[in-house]
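Work out the full structure, taking the sequences as your base and the hints as a guide.
Heads up: the sequence shown runs through residues 149 to 349, numbered per the numbering used here.
Read the hints as simulated data drawn from the structure, not as lab findings.
Treat the hints loosely; a few may be bogus.
[Claimed, not checked] Cut-off 20 Å, straight-line C-alpha distance, at most; resulting in silico cross-link-like pairs (DMTMM-like, lysine to aspartate or glutamate): (1) LYS221 / ASP159; (2) LYS221 / GLU163; (3) LYS346 / GLU307; (4) LYS283 / ASP237; (5) LYS283 / GLU307.
[As the list claims (entries may be wrong)] Label-pair distances were calculated between CB atoms; the ranges are: (6) LEU200 / ALA344: 38 to 44 Å; (7) TYR172 / ALA344: 20 to 26 Å; (8) VAL239 / GLY349: 27 to 33 Å; (9) VAL345 / ASP227: 25 to 31 Å; (10) LEU280 / PHE238: 14 to 20 Å; (11) LEU207 / TYR231: 41 to 47 Å; (12) VAL208 / GLY173: 16 to 22 Å; (13) ALA167 / ALA261: 39 to 45 Å; (14) ILE310 / GLY349: 32 to 38 Å; (15) TYR231 / GLY173: 32 to 38 Å; (16) TYR268 / ILE310: 40 to 46 Å.
Remember, predicted model here, so these are calculated numbers, not experimental data.
The beta carbon of each residue, even a glycine, is placed where N, CA and C say it ideally should be.
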Amino acid sequence: MLDAILRRRIDPPVERLAARLVSYGLGANAVTVAGLAIGIGAAAAIALGSPLAGLVLILVSRLCDGLDGAIAKQTRPTDLGGYLDITFDFVFYGAIPLGFAALDPAENALPAAVLLLTFYANGASFLAYAVLAEKRQITTDVRGKKSFFFSTGLAEASETIIAFCLFCLFPAWFPVIAYVFAAMTAWTFVTRVWLAVKTFG
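So, in structure tokens, the structure goes:
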């Protein structure tokens, strides 16, 4: 929901930084891998009782997630790059709630599981829609040029990062925030299924 608004502010400095990294010979896939490694490090820091360190690592990881696409646009976008980007994103999205479940299993395990269920359902609806959109040659650049069709929704990348930051800033409130964000993600899933019914039915 917020991605389009934030992109207009974030993209210019990210593109300038990407240009500098390109001049140093850094490739997009290397940044994608680094982003995943840092994201896993964030989940580990959270699980070990350092959510503020996790917050810093989350932000660095997501900077990498923006940089890899910007670097690819300035060099040569590849199908492998697009595949790694979305696949590693989903690994990261699952790792952070898992970190909070490990931090306090008694309080956080169930809300983390509910959130992960909605992530799983929403991710499946997103990717399945992209596959069928490609089959029917449906295209969009509503979120910029992507490797595959990007269907929008209430809970997108920006909202996910905001939720993760709130988890880290207010770890005692993880269950409440997780349930609220799970509801937003579930709504996104429902609206995307309805969009599929209208588009493909």
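How the hints compare with the structure:
1. LYS221 / ASP159: OK: LYS221 and ASP159 at ~12 Å, within 20 Å.
2. LYS221 / GLU163: Measuring from Cα to Cα gives roughly 9 Å; hence the hint holds.
3. LYS346 / GLU307: Since the Cα atoms of LYS346 and GLU307 sit roughly 26 Å apart, the hinted pair is violated (cutoff 20 Å).
4. LYS283 / ASP237: Measuring from Cα to Cα gives roughly 23 Å; hence the hint is violated.
5. LYS283 / GLU307: violated, 29 Å
6. LEU200 / ALA344: 38 to 44 Å: Cβ of LEU200 to Cβ of ALA344: about 40 Å, so the range 38 to 44 Å holds.
7. TYR172 / ALA344: 20 to 26 Å: violated, 43 Å
8. VAL239 / GLY349: 27 to 33 Å: holds, 32 Å
9. VAL345 / ASP227: 25 to 31 Å: holds, 29 Å
10. LEU280 / PHE238: 14 to 20 Å: holds, 19 Å
11. LEU207 / TYR231: 41 to 47 Å: Cβ of LEU207 to Cβ of TYR231: about 24 Å, so the range 41 to 47 Å is violated.
12. VAL208 / GLY173: 16 to 22 Å: 21 Å Cβ-Cβ, so the 16 to 22 Å window holds.
13. ALA167 / ALA261: 39 to 45 Å: holds, 42 Å
14. ILE310 / GLY349: 32 to 38 Å: holds, 33 Å
15. TYR231 / GLY173: 32 to 38 Å: violated, 23 Å
16. TYR268 / ILE310: 40 to 46 Å: violated, 20 Å
When the structure is compared with the earlier hints, violations turn up for hints 3, 4, 5, 7, 11, 15 and 16 and for no others.
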